[in-house]
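**Student:** Residue strings, one per chain:
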Amino acid sequence: MKSLVDLELIEAVQNQDMQAFRTLFSLYKQKVYGTAYLILKDYQLAEDIVQETFLQVFLKLSKLKDPLYFEKWLYKITVNLCLDSVRKIKRRPVSSLEEYMEIQTDFSLRSIDTPENEAIYRDLQKRILKCIYSLSEKYSSVLVLYYYNNFTLKEIAQITNSSETSVKTRLFRARKNLEKELNKEELEMINKPTGGDFLEYR
Amino acid sequence: MTSLSIDRLIKDSLNNRTSSLDISPEKFEEMIDYIEVNADKASKNTSQGIITSFRDFVSSISMRGWAAASLVILLLITLPVISKAVLGNLSKSSKSSTISKSSNDVSDGIGNPSVGNRNGLDYDFSGDKSGSPGMENSPEAQNPAYVTITLSPNFNSNAPNLSLIEKDLKSLVKYLYSHKIKKLYINDIVLKENSIISTSEDSKSLLIDNSSISLTETIKIKVLGNVKNLEKDLQLDFLENYKAEINPID
Chain W
6 MKSLVDLELI
16 EAVQNQDMQA
26 FRTLFSLYKQ
36 KVYGTAYLIL
46 KDYQLAEDIV
56 QETFLQVFLK
66 LSKLKDPLYF
76 EKWLYKITVN
86 LCLDSVRKIK
96 RRPVSSLEEY
106 MEIQTDFSLR
116 SIDTPENEAI
126 YRDLQKRILK
136 CIYSLSEKYS
146 SVLVLYYYNN
156 FTLKEIAQIT
166 NSSETSVKTR
176 LFRARKNLEK
186 ELNKEELEMI
196 NKPTGGDFLE
206 YR
Chain F
230 MTSLSIDRLI
240 KDSLNNRTSS
250 LDISPEKFEE
260 MIDYIEVNAD
270 KASKNTSQGI
280 ITSFRDFVSS
290 ISMRGWAAAS
300 LVILLLITLP
310 VISKAVLGNL
320 SKSSKSSTIS
330 KSSNDVSDGI
340 GNPSVGNRNG
350 LDYDFSGDKS
360 GSPGMENSPE
370 AQNPAYVTIT
380 LSPNFNSNAP
390 NLSLIEKDLK
400 SLVKYLYSHK
410 IKKLYINDIV
420 LKENSIISTS
430 EDSKSLLIDN
440 SSISLTETIK
450 IKVLGNVKNL
460 EKDLQLDFLE
470 NYKAEINPID
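Sequence lines, in order, name chains W and F.
First residue of the first sequence: 6, per our numbering; consecutive thereafter.
First residue of the second sequence: 230, per our numbering; consecutive thereafter.
Looking at chain W on its own, in the form it has when it is part of the complex:
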């Protein structure tokens, strides 16, 4: 679920209220950090992105006409800074294997009810994560914005300055790449109908 935008808080920051800005920063820093990390796969770089993102927020929030657009605008800055960072570095940051191990045991799939299945699912997540890390930033940013930040295709198109079709294509290709990671049995295991439509899932 997306966080609700506190309009009064936004307006206070627009009036250069530092305390309001600290509050806003606290509310969004974890998610912005997570977004930057998942795209860049580097802790230090991700921290730098958080700092620069909120500096831009402080300097330019007064120019934001519609406070309801704040989240999209925030992640637009974040994603753009991430992509700029990648271009400057001219290398894809490589994460160590230990990071793949840091998967929390917090599962939402009801069918995982045995320790054995739990272990299998953890392993699946690690492999999926490894595959996400191997994607280019063009694909991983769309994937992160969709699954991690819970934006719709239309919103992602606005954030990344692309067409909806382009976003849909990238998302589809990214998912196809991830499915390749899983073998037939694994796919069958997770293919338990739970209803809903892929593109509308939030």
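Some clues are possibly wrong.
As the list claims (entries may be wrong) - These stretches of chain W come out as covered by chain F in the derived footprint (C-beta under 8 Å, 3 or more residues):
#1 28-42
#2 132-139
#3 172-185
Hints were generated in silico from the structure; no laboratory data involved.
Glycine included, C-beta positions come from ideal geometry on N, C-alpha and C.
Go by the hints and put chain F onto chain W.
**Tutor:** Same frame as chain W, but now just chain F:
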């Protein structure tokens, strides 16, 4: 459904990976300080920033860029001036030159005093309405071109009969204007509406606006008009003291 399960798996992977990630309180304070300092700098340096940005912009333009920009500016300034001057000359040359005839009275047709000998040559182009130039809207004006008429002296240059020579030239000029020419040059001296033609004190040269033309040497007349008409129609046999040769200029 396949899609939803994969979606869930991806979502769980991402959320579970990042659930332990956050900015530490110390780092948070560092970031706040950094933002405060930089925001302060940014607000102070706004005007300076504009100057710096302008300087950066200026220095980023190459020499070639400056040269091109200068050329464009020069063209923008001079083009109206040049076109005004050219249009002005064209409209003036389309009217007849008026030179009043006088023996005692030394003024020309439009009141300007003539220079030189009192027995000056005076030509009144304005009187000959049929031959007056300025037919800008006629078909002949559509494609004007230059024609040269080379006048070679056909008389005894040691003892020229000045009055006859003057008469020849006067007749020629009148004749040319009757053929609706737009411009007339005599030895590269343009004959304007208010041009004053007179003879020199030693009676050996013609003076057009104080520029001298030797009467005993070849005279080159350049005429702007409809080439076809001029070539076809000009009959200069009436000239007694000059042999005329007509040639178009390409």
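**Student:** Work down the list of hints and note, for each, if the structure agrees.
**Tutor:** Evaluated hints:
no.: 1; hint: 28-42; verdict: holds (count 7)
no.: 2; hint: 132-139; verdict: holds (count 3)
no.: 3; hint: 172-185; verdict: holds (count 3)
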